[in-house]
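Undergrad: For the sequence shown, the numbering used here assigns the number 288 to the initial residue and increments by one for each residue that follows.
A hint or two may mislead.
When the alpha-carbon atoms are kept at most 25 Å apart in a straight line, the in silico BS3-like pairs for lysine-lysine are as follows [unchecked claim]:
hint	residue 1	residue 2
1	K628	K489
2	K334	K578
3	K578	K637
4	K943	K887
5	K637	K747
6	K638	K747
7	K739	K578
8	K581	K334
9	K628	K581
10	K905	K943
11	K379	K334
12	K949	K855
13	K394	K420
14	K420	K630
15	K581	K420
16	K334	K518
17	K950	K887
18	K527	K454
19	K943	K571
20	K581	K489
21	K341	K527
22	K394	K502
23	K886	K581
24	K518	K502
25	K668	K631
26	K739	K949
27	K420	K454
28	K905	K855
29	K489	K527
30	K625	K638
31	K454	K334
32	K739	K571
33	K341	K587
In case anyone wonders, no lab produced these hints; they're calculated from the structure.
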Amino acid sequence: MSFILNQIYRYTAFVAIGCLLFSASICLAAEARFDDPATWADPTFWKSLRQSDKLTGWEFRDGEISLVRPGATGSILSEPVPSDFELSFEWKIAEKVNSGVKYRVRKHGAPYWNSAYKGSGHWGFEYQIYDGKPSTDALHATGAIYDLAAADSDRFVNPPGEWNVAKIVANGSTVEHYLNGSLVSSILAEGPEWERTIALSKFAGFDDFGQSSIKSQIMLTDHGGHVSYRKFQFVALTPKSQAPLVRTGPFLADGMRNCWADQNSISIWTRTTQFPEMNSTGQKFQSLSTKQAKVLEETKDAAEYLSDQLPSGASLGDMIGACPGAAGEVRLIYFPQKRFKAKKEMTRWKKTTAAQDFTAQWHLEGLSPGTRYVAVLEVRKPGSQATTAILRGSFETAPAQNERTNLTFCMTTCHDFIRSDNGLQGHKIYPAMEEINPSFLVHAGDIEYYDKPEPWALTKELMRFKWGRIFALPDNRSFYTSHTTYFLKDDHDTLKNDCWPGQQYGSVTFEEGVRLFNEEQFPSRTPRYQTVQWGEDLQVWFLEGRDFRSPNTMADGPEKTILGAEQKAWLFQTLDASTASFKLVFSPTPIVGPDRSGKKDNHANTIFAHEGEQLRQKFSSVDGVIVLCGDRHWQYASVDTETGLWEFGCGPGSEKHQLGWKKGDERASHQFLRVAGGFLSGHLESKGKKSTLKLHHRTVTGEVMSTFDFPQ
288 MSFILNQIYR YTAFVAIGCL LFSASICLAA EARFDDPATW ADPTFWKSLR QSDKLTGWEF
348 RDGEISLVRP GATGSILSEP VPSDFELSFE WKIAEKVNSG VKYRVRKHGA PYWNSAYKGS
408 GHWGFEYQIY DGKPSTDALH ATGAIYDLAA ADSDRFVNPP GEWNVAKIVA NGSTVEHYLN
468 GSLVSSILAE GPEWERTIAL SKFAGFDDFG QSSIKSQIML TDHGGHVSYR KFQFVALTPK
528 SQAPLVRTGP FLADGMRNCW ADQNSISIWT RTTQFPEMNS TGQKFQSLST KQAKVLEETK
588 DAAEYLSDQL PSGASLGDMI GACPGAAGEV RLIYFPQKRF KAKKEMTRWK KTTAAQDFTA
648 QWHLEGLSPG TRYVAVLEVR KPGSQATTAI LRGSFETAPA QNERTNLTFC MTTCHDFIRS
708 DNGLQGHKIY PAMEEINPSF LVHAGDIEYY DKPEPWALTK ELMRFKWGRI FALPDNRSFY
768 TSHTTYFLKD DHDTLKNDCW PGQQYGSVTF EEGVRLFNEE QFPSRTPRYQ TVQWGEDLQV
828 WFLEGRDFRS PNTMADGPEK TILGAEQKAW LFQTLDASTA SFKLVFSPTP IVGPDRSGKK
888 DNHANTIFAH EGEQLRQKFS SVDGVIVLCG DRHWQYASVD TETGLWEFGC GPGSEKHQLG
948 WKKGDERASH QFLRVAGGFL SGHLESKGKK STLKLHHRTV TGEVMSTFDF PQ
């Protein structure tokens, strides 16, 4: 038996070696075929981009390839060729013609600047050929690496009708264009400068655009004018070995986020970090129970607040999720997404410092209504001229107040790093909401919990640690980087449970907690409440529920308040003035409920009964008002039995975070109850003279669990 097996193994090895040699010979033959200029002049080497077998628009004669009937066939693609090569050829064009040769061409999705683009397309580097005007942008002049690297202004180009000689060298990340014997443009397709170039170009969003790979194609473009080619000479290159790119910070591991968007303005936030990602392999904090944490807090020793929660010999940067900041300089570049050739607005460089936890903010004005903008962040070391990291995101402004439009929004609440439900990837709701692609998201507060373990954030340093950690979760960071958002704050991300002015948690006062949220960790605004009309049919209000409140211990009555007199007067006045069909009031805490009897910081219970009744009466007297609230760890839809006011609780943003209400405990006001994690979505449709609003409770993966239609 062993003899037979040995023979089988020997035969198998012989066949395998033979196959490898045969495959290698085929590859060598194929590459040798590319070296033959006759191959490139053979029509069977090319196919139409439109998948047609006929190349009627192109003529192959006497070794030349000519576009003689522009538009008849469209651009043509070669057979797959090696991506590392030297390719020389001669070309000539007619007057005022725009054309080019593309290479490292492969399929990519729809371009970000054309949402109407159907399916995928073929994209790659382009050797620009253009009989342009004297004022032609150097990025689009003959010899340029189209839209990426400008052509040398001293280049020599023969006039239309005469032959020119071009050469393309693509070797690893090095790309060069030659024209009539001279190097006229080049680019290095890796590193921060390359990432910045791509982020500001029409090729943003294409994965691995222009990178060397096993297979790619050459394209002769049909841009609507006569062009001819001849004497193609292709030489495959052995990919040059390149040392891995060593990156040094600062980076942007917390992404960017925004708030306060209206028709013409928005505020943008970012933070410069020491590393490109959080510490995903760090150590765990010492586990302290609620009772142990209370004992620790009572020591009044800020040094112990940290040391007692760290493993022996560890620093805060050693811990799981750590995302330490780093000093840097950062600036913002932005422009309308569908107008990639529009002027790029660029802010001045801002320095980030430890005093503000290395954060930076910008308030942008003069924006256009109903427009999606590209936002590109660029960071460098203090005093340096070299970019160290690039981040590309986007945001959307509200449509004009008289515009009837369709839109979708989402709402969430109650996040916590230790209760994220997709491990170190983040929260499951974010990929689910990406599928919905809302015009805006409202995060109704309790974005992180200072007064929950691992660590108990009894110092400002630990509070900042928690913010850096939760927004460095990849799915969370990705969503906030590319969507318009409104952030409300609640008790756990201000200081502690049911907190009010004058209190303290560990070494942090209520006032310091407010400043940390309002001015440092989120886009700032004064006052911190807002109303925005998202088109003719929808107006939204965002309430501030911590800054103006009375102590819980104060006797209930006309003077006891959560909203404060000034905010409440503004709220009532703007509601009365609104002509929108749907008026959505986003509140960090319930106004209708029902709520748990032990909660003492919202309008749905008796402790703020006077103001709660005042709000319910007012809201129900204004047509189209619906309350949407956070705070509660279950999903519900309720109708106030006295006033008929509707309220929707979006539920916690994690399936590990549902608690506080018994399943099946439905009260008279409940129209829907689900004790589980998920989020809320709203879908406005304006058709003819009517507009409708659908509200859905969803699971963390986006499955619809309820549907409510308005008007009813």
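Undergrad: For the pair supplied as a hint, K638 and K747, confirm whether the alpha-carbon distance does not exceed 25 Å.
TA: Roughly 21 Å separates the two Cα atoms, so the pair holds.
Undergrad: Checking one constraint from the list: CA of K739 to CA of K949, max 25 Å. Satisfied?
TA: 22 Å, holds
Undergrad: Has the given pair, K334 with K578, been kept, meaning a C-alpha gap of at most 25 Å?
TA: Judged against 25 Å, a Cα distance of about 73 Å means the pair is violated.
Undergrad: Check the hint pairing K527 with K454 against an upper bound of 25 Å on the C-alpha distance.
TA: Holds: K527 and K454 sit about 19 Å apart, inside 25 Å.
Undergrad: Hey, K905 versus K943, does the alpha-carbon distance stay inside 25 Å?
TA: 36 Å, violated
Undergrad: For the pair supplied as a hint, K943 and K571, is the alpha-carbon distance within the 25 Å limit?
TA: 19 Å, holds
Undergrad: Take the C-alpha atoms of K420 and K454, compute the straight-line distance between them, and say whether it is at most 25 Å.
TA: Satisfied, since the Cα-Cα distance of roughly 23 Å is no more than 25 Å.
Undergrad: Is K334 close enough to K518, meaning Cα to Cα at most 25 Å?
TA: Cα-Cα ~19 Å, so holds.
Undergrad: With the threshold set at 25 Å, check whether the alpha-carbon distance from K394 to K502 stays at or below it.
TA: Answer holds: K394 to K502 is near 11 Å, not above 25 Å.
Undergrad: Take a quick look at whether K628 and K489 sit within 25 Å of each other, Cα to Cα.
TA: Status holds; Cα separation ~8 Å.
Undergrad: Is K394 within 25 Å of K420, Cα to Cα?
TA: 32 Å, violated
Undergrad: Does the structure keep K578 and K637 at a Cα separation of 25 Å or less?
TA: 44 Å, violated
Against the hints set out earlier in the document, violations occur for numbers 2, 3, 8, 9, 10, 12, 13, 15, 20, 21, 29, 30, 33.
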